[in-house]
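Enquirer: Sequence:
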Amino acid sequence: MKKMKISGKELTWYIIASFFALSGIVLATLSVIGDYLAIPTSDNWIITAQTAVSDFLKIPLDWLAWGMIFLAIGLIIGVISLLYFAKKDIAEKEKAMRRAQRLGAEIVSTEE
Numbered sequence: 000m001k002k003m004k005i006s007g008k009e010l011t012w013y014i015i016a017s018f019f020a021l022s023g024i025v026l027a028t029l030s031v032i033g034d035y036l037a038i039p040t041s042d043n044w045i046i047t048a049q050t051a052v053s054d055f056l057k058i059p060l061d062w063l064a065w066g067m068i069f070l071a072i073g074l075i076i077g078v079i080s081l082l083y084f085a086k087k088d089i090a091e092k093e094k095a096m097r098r099a100q101r102l103g104a105e106i107v108s109t110e111e
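Going by numbering that gives the first Met the number 0, 14 is the number at position 15 of the sequence shown; the sequence numbering is gapless.
Hints were generated in silico from the structure; no laboratory data involved. Computed from a predicted model, the values in this text were never measured in an experiment. Please note that the accuracy of each hint is not assured.
[Claimed, not checked] Derived Cβ-Cβ restraints for the label pairs, each shown as a range: (1) Ser53 x Glu91: 46 to 54 Å; (2) Ser6 x Leu102: 19 to 27 Å; (3) Asp54 x Lys92: 28 to 36 Å; (4) Ser41 x Ala64: 20 to 28 Å.
[Claimed, not checked] Distance condition first, Cα-Cα at most 30 Å in a straight line; then the derived DSSO-like pairs of lysine-lysine: (5) Lys94 x Lys8; (6) Lys92 x Lys2; (7) Lys94 x Lys2; (8) Lys87 x Lys8; (9) Lys1 x Lys87; (10) Lys87 x Lys4; (11) Lys86 x Lys2; (12) Lys1 x Lys86; (13) Lys2 x Lys57; (14) Lys86 x Lys4; (15) Lys94 x Lys4; (16) Lys94 x Lys1; (17) Lys92 x Lys8; (18) Lys8 x Lys57.
Backbone N, C-alpha and C define an ideal beta-carbon position, used for all residues, glycine too.
Using the sequences provided together with the hints, build the complete structure.
Expert: So, in structure tokens, the structure goes:
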């Protein structure tokens, strides 16, 4: 099977999408761990950090909600980039195939 070459632009978009998705998973996991950690709320550093971030941003969302938002953004970026680069690859292959057919037809017509 032929190896596919990935362009720098394509790799960059995949890395950005992976960063958002991984950040979302980490935030959601930390939120769930903080909610179910069996220590008092005053000693729970995850809940303390979560409330500090909520107060600083003045947005009443916990890390689970932020994690889902980042995960959704990462998935949307990933799907859009996959669709874009797949369509681009198909167009390039069709262009090469049409060119090969056109050159093949010209070679046959000049030989006769």
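Enquirer: Could you run down the list of hints and mark each one as holding or not?
Expert: Evaluated hints:
| no. | hint | result |
| --- | --- | --- |
| 1 | Ser53 x Glu91: 46 to 54 Å | 48 Å, holds |
| 2 | Ser6 x Leu102: 19 to 27 Å | 26 Å, holds |
| 3 | Asp54 x Lys92: 28 to 36 Å | 54 Å, violated |
| 4 | Ser41 x Ala64: 20 to 28 Å | 23 Å, holds |
| 5 | Lys94 x Lys8 | 21 Å, holds |
| 6 | Lys92 x Lys2 | 15 Å, holds |
| 7 | Lys94 x Lys2 | 19 Å, holds |
| 8 | Lys87 x Lys8 | 13 Å, holds |
| 9 | Lys1 x Lys87 | 18 Å, holds |
| 10 | Lys87 x Lys4 | 13 Å, holds |
| 11 | Lys86 x Lys2 | 18 Å, holds |
| 12 | Lys1 x Lys86 | 19 Å, holds |
| 13 | Lys2 x Lys57 | 49 Å, violated |
| 14 | Lys86 x Lys4 | 15 Å, holds |
| 15 | Lys94 x Lys4 | 18 Å, holds |
| 16 | Lys94 x Lys1 | 18 Å, holds |
| 17 | Lys92 x Lys8 | 19 Å, holds |
| 18 | Lys8 x Lys57 | 36 Å, violated |
When the structure is compared with the earlier hints, violations turn up for hints 3, 13, 18 and for no others.
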